[in-house]
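Model the placement of chain L on the given structure of chain A, informed by the hints.
Each chain, letter by letter, is given below.
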Amino acid sequence: MTISNGHDVGGLSAVVPGFEFDEKTDLAQSPAWFLDGTHSVPPWTPLFGWFWINFCRHGMQYGAEKLSLPTVKGWDWRFKNGGGYLTLLLVKTEAEQKAREQRFREAIRPFVENYDTLWQSQLDEILARYEELKELDLDKASNIELLDNFEQTINVCRRMWEIHMYMMYGTFTAYILFENMCRNLLQIDDTHPLFHKLITGFDNKVLQVDKRIWEFSKQAEKLGLSEIVLKSEPKDIVRNIEKAPGGRDFMQGFRKFLNEDGWRMQRMSEMNMPTWIEDPTPPLTNMKQFIVKGGGFNLEEERAKLGREREEAEKEVLAKIAPEQKGWFTTLLRLAQKSGVFSEEHDHYLDLYMHALMRRSAVGIAKRLAAASTIASADDIFFIVPEEIRRVALAPEQFDLKPVAAARRAAWNEWCKTPNPPVILADGFDMNQAMAVLVKSNDPIALKVVVGSMPVVRPELKADLHGTCGSPGVAEGRARVIMSEDELAQVQPGEILVAATTSPSWTPVFSFIKGVVVDRGASLSHAAIVGREYGIPVLMNVFAGTQQIKTGQRIRIDANMGALFILDK
Amino acid sequence: MTAKWIYVLEELGQEHLELVGKKCANLGEMTKLGMRVPPGFAISVAAFEEYMRATGLGAGIAACFAGRGDELRKGVQAQMDASAVVKQMMADTPLPPALAGEIRRNYEALCARFGTSDVPVAVRSSGAVSMPGQMETYLYVRGVDEVVSRVREVWQSTFNTRAIAFRLEKGMPVDTAPIGVAVIRMVNAKSAGVILTVVPTTGDLDHAVIEGNWGLGESVVSGEITPDNFIVNKATMAIDRKISRKTRWVVSTGRGTSMADVPADMQDRPCLDDKEIQEIIRTALDVERYFGAPQDMEWVIDHDLPFPENVIWVQARGAKYATPRKEADADYIVDQMARLFRT
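Residue numbers (my numbering), protein chains in the order written: chain A, 14 to 582; chain L, 163 to 505.
Only chain A is shown next, with the shape it has when bound in the complex (with noise of 0.2 angstroms):
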């Protein structure tokens, strides 16, 4: 039995009503849905993937329509299996294109002319909105308040996605014009050197966690706590902490620091973990890893040794550019530059943050369930779905839900068995077909996420494998594949990390890494550009690299010349 499409199955009714996939009705509208393999692999748990099918299809299509986006009104989304599938909505008629265009000429202004204004207000917007729901104290409020917090954190979540896919849309479409006109001026495109020096070394607040971690190592040394700390296994490394003299300040120190920036889970699209607030393991581990790395290692000067090589960089392209080109190109550039820069931190300030608050509503409410008996235990709370929730939520003891999450965790437990499709293809549509739509839409968040550019592949390298260049450099070490999160501590100083994407909450590992392969990738996914940050190579697009590589084998890297070796095969 699995639970599937939109009609009840065993009694249960669908995980997202209305968006569960069907394959004759959905077909019929769009032949090519893509699995969203970057956060639906591993699968969702059913009250996250209602979160995500609901609002990030609203934000896409929101964002899509504010901007008036000439050629696509965002992306169509659905629910199968725990994973997310999505196909573009083309606008369909020359007329409206063009209709859309006159509208997004005006739209797309304040992305130009005063990009750090509109930035801000939509930061200083959503973090006020997280301090509300953050107001109520969980453990003392009322029935009718904890479903209040409840409804109140879908909308926030509503709006999170608005403003995420408002400001990624107008960004990413800065970033792609620059990258043409580098192209087009410089004949270098966003896999050259040359152009990530152009948008690398700039501060962003993903960086700026890091740092916080790598300032609490240096504090752990200072204390002698280093010992303690490189012994312990991660289950007991706050207790031991905590034991030892002078421990028990520095964790006051660290939690302070959680309470402000640990609104985060270790798998950035999921909330069946703990945050960092409920469980520091995870960033002090980030921490340990940091003291493994030893004392040679500062991250402040690794930083600044970016900015200035981007300085050069900016000196030597300003010289290439003709006088009359340099005013427009200069604004243009510093857009692209802060593009990158909003990529990289909208996943703290949007997706990790707001998750974690969907998490905290939620866990809110599934401890009043689980003491009422509605629900066995309250991590069932992310095997129901807010419709079940808002039935219960101000009478639990009247109702009984075990049977439901009993029978969805039984399901989620099959679709994490039994890896979703990548794409699902109507009957006579060819994956090449299905490209040539992602292509044609000009979508700009397709373009530069989801399709990448493909590699070149050089005959005379007699490389393994071939990708394009996230992150110029040339590396040569140990291979550690990982295929999902839970793998991440097992991540030595030194190696080579090889997965199918990385999420923005690996962060920690970059700084400790030499280089970096992903299966699948383009300029603006996050690998890319938190390799560029700490300057390591990047080969993105190798497609079967976590199948083909195996951990412990010696690989070399070179992401310049987009060629990979496997040394000892």
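No wet-lab data here; the hints were simulated from the structure.
C-beta: ideal position from N, C-alpha, C; glycine also.
Facing chain A, from chain L, some residues (calculated, C-beta under 8 angstroms): (1) L367; (2) D368; (3) D491; (4) V496.
Showing chain L alone in chain A's frame:
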């Protein structure tokens, strides 16, 4: 409702532009916005007209211009002659007692608020349309007789040669040009200057520019000295400072003002501290949001009042700034962005 001769600033707003002139209407609007503005009153266009009517001056001046006819258009000399004659006629004609009495009552009320008999005020012209070369301003005016006499001098200035020439050129009536007058308490200025919520030379809307000097603001707007310059990022509030050596300032002489040397120990010190800068930018951005357009504003830091009451505003208006280059760049970028979507 007939127009009054005098209004206190709190009674006024943008809608009174025709009645009291731009400067007074602005000060009234600023007061309504809750900005700290020096207290004072506005003498309306109706007061000017009353002076002209009750004294018979209006008819006399009209006859004087009518008698000169086309001759006026022929050369500057004829305009200078007419100006001299009319201004003398006004100098010989005191204000009607009722009008002078109104001004006296309002000035005395202002004095009473500060517990003194001769509170120093600024007497400034307030035209309904901007007329270059006509903005007469008298600072540190003290005592009721002095105030009445300066008001008449501001009125006289509408018959300056330049003002006559301007009206002739624009095809406006030459024999009358009613204006308002602002009478506001002088601020004991520690420092003063301007803020623009846009970089005027580039049209950069993400930054604001503050310029200031020690003493009264006249030294900054005159452009005679190099003021301190602060560029503030409107989003992050980060401040970029250029502190200049400020050798000259405008100070009070008791009655009137003069340019003088800045004491050596103050010359290289910034004329604003960080919290004053933050207060200035905060208010300016509020005003910018309210009007929905970049602002050009004048601030004064009072020597005697505690922070933040010491940050006082004397002007707020829409900023003029260079747009052509920046706009052309933005147009080009927007156009190229639109092309990205053409299939």
